[in-house]
Amino acid sequence: AQTVTQSQPEMSVQEAETVTLSCTYDTSENNYYLFWYKQPPSRQMILVIRQEAYKQQNATENRFSVNFQKAAKSFSLKISDSQLGDTAMYFCASHNYNNNDMRFGAGTRLTVKP
Amino acid sequence: DSGVTQTPKHLITATGQRVTLRCSPRSGDLSVYWYQQSLDQGLQFLIQYYNGEERAKGNILERFSAQQFPDLHSELNLSSLELGDSALYFCASSEWGTEQPQHFGDGTRLSIL
Numbered sequence: 018a019q020t021v022t023q024s025q026p027e028m029s030v031q032e033a034e035t036v037t038l039s040c041t042y043d044t045s046e047n048n049y050y051l052f053w054y055k056q057p058p059s060r061q062m063i064l065v066i067r068q069e070a071y072k073q074q075n076a077t078e079n080r081f082s083v084n085f086q087k088a089a090k091s092f093s094l095k096i097s098d099s100q101l102g103d104t105a106m107y108f109c110a111s112h113n114y115n116n117n118d119m120r121f122g123a124g125t126r127l128t129v130k131p
Numbered sequence: 096d097s098g099v100t101q102t103p104k105h106l107i108t109a110t111g112q113r114v115t116l117r118c119s120p121r122s123g124d125l126s127v128y129w130y131q132q133s134l135d136q137g138l139q140f141l142i143q144y145y146n147g148e149e150r151a152k153g154n155i156l157e158r159f160s161a162q163q164f165p166d167l168h169s170e171l172n173l174s175s176l177e178l179g180d181s182a183l184y185f186c187a188s189s190e191w192g193t194e195q196p197q198h199f200g201d202g203t204r205l206s207i208l
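As given, the protein sequences belong to chains G and P, one line each in that order.
Each residue of the first sequence is one higher than the one before, starting from 18 at the first, in the numbering used here.
Each residue of the second sequence is one higher than the one before, starting from 96 at the first, in the numbering used here.
I should point out that these hints are in silico values taken from the structure, not numbers from a laboratory.
The beta-carbon is built from N, C-alpha and C at its ideal position, and this holds for glycine as well.
Warning: the hint list may mix true and false statements.
[Claimed, not checked] Every beta carbon over 12 Å from chain P, so not counted as near; a handful from chain G, in silico: (1) S29; (2) Q73; (3) S82; (4) K95; (5) Q100; (6) D103; (7) N117; (8) D118; (9) T128.
[What the hints assert, rightly or not] Now the stretches of chain G that chain P is said to cover, found in silico as 3 or more residues with beta-carbon under 8 Å: (10) 61 to 72; (11) 119 to 127.
[Unchecked claim] Calculated Cβ distances over 10 Å to all of chain G for the following chain P residues: (12) R117; (13) L156; (14) P165; (15) D166; (16) E170; (17) S174; (18) E177; (19) G179.
All chains should be built: construct the whole structure from the sequences, respecting the hints.
Set out below in structure tokens:
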């Protein structure tokens with residue numbers, strides 16, 4: 018079974034600065050996808066970014082980018098120019114394509130301070 | 096607005112009871128997923144349906160069941176409820192499979208008294 022580990026339960030960052038959230042995963046599959054989801058206080062789950070494991074290029078979405086290290090099974094999220102609206106729980110998730118197994122990490126609570 | 100609609104938003108019931116949670120996926124999405132988010136166990140994948148058929152099963156208890164109807168809406172049935180079933184239940188949808196981005200509803204908060 019695959020596992021997803023987020024080792025930082027809480028983090029904080031000053032507005033306009035950069036912060037990196039860590040995620041490691043463990044899977045025996047070769048065909049899988051990785052995601053970062055954001056859950057603000059409103060409790061909605063919002064997709065932040067997605068990475069296909071077969072792609073070497075790191076995914077980027079505006080201020081959000083990932084550092085995907087396949088050999089190390091690491092998938093960190095970098096948030097640049099942090100904004101107050103980035104305050105949320107961030108969940109890393111992994112999906113195995115062959116068995117449709119979807120796992121989430123325990124989450125990192127990020128607080129952006131003015 | 097994700098386009099995924101979940102009803103009801105809140106549900107309060109007692110132990111031993113049965114409840115049904117409803118989900119309407121985003122227009123055009125064929126896959127529906129159910130998740131349970133509790134304080135002590137984080138976000139757990141329960142089950143996935145694709146175009147009316149069960150596609151994948153996660154940590155879903157035998158007391159729980161789900162189905163997806165021809166109009167693609169889905170229902171999650173929870174029976175013989177226990178205090179530990181208190182959680183936020185999310186429905187999500189995607190066009191096809193789990194490899195695609197999932198769009199989440201606002202969740203149903205279930206409280207067992």
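Here's how the hints hold up against the structure:
Taking the minimum C-beta to C-beta distance to chain P, about 21 Å, the non-interface status of S29/G holds against the 12 Å cut. Non-interface status of Q73/G relative to chain P is upheld: no Cβ of that chain comes within 12 Å, the nearest being about 17 Å off. With a least CB separation of 17 Å from chain P, S82/G remains clear of the 12 Å interface cut-off, as annotated. The claim that K95/G lies off the interface holds: its Cβ sits roughly 19 Å from the closest Cβ of chain P, which is beyond the 12 Å cut-off.
Every Cβ of chain P is farther than 12 Å from the Cβ of Q100/G; the closest lies at roughly 21 Å, confirming the non-interface assignment. Residue-level check passed: D103/G sits 18 Å from the nearest beta carbon of chain P, beyond 12 Å. Non-interface call for N117/G relative to chain P: violated, since the shortest CB-CB distance, roughly 3 Å, does not exceed 12 Å. Here D118/G does not stay apart from chain P, with its beta-carbon only about 7 Å from theirs, under the 12 Å limit.
Every beta carbon of chain P lies more than 12 Å from that of T128/G, the smallest distance being close to 19 Å; the non-interface claim holds. Only residues whose C-beta sits within less than 8 Å of a C-beta in chain P count toward coverage, and the segment 61 to 72 of chain G has 6 of them, enough to reach three; the restraint holds. Judged by the Cβ-Cβ criterion of 8 Å, the segment 119 to 127 of chain G is covered by chain P as claimed, because 6 of its residues qualify and three suffice. Separation of R117/P from chain G is adequate, the least Cβ-Cβ distance of about 18 Å exceeding the 10 Å criterion.
Every CB of chain G lies more than 10 Å from the CB of L156/P, the least distance being 17 Å, so the non-interface label holds. With a cut of 10 Å on Cβ distances, P165/P stays outside the contact zone with chain G, its closest approach being about 22 Å. Distance check for D166/P against chain G: the nearest CB is about 23 Å away, which clears 10 Å, and the non-interface claim stands. Annotated as non-interface, E170/P keeps its C-beta farther than 10 Å from every C-beta of chain G; the closest such distance is 20 Å.
Against the 10 Å criterion, S174/P stays outside the reach of chain G, whose nearest CB is about 24 Å from its own CB. A cut-off of 10 Å between C-beta atoms confirms that E177/P is not in contact with chain G; the least separation is 22 Å. With a least CB separation of 18 Å from chain G, G179/P remains clear of the 10 Å interface cut-off, as annotated.
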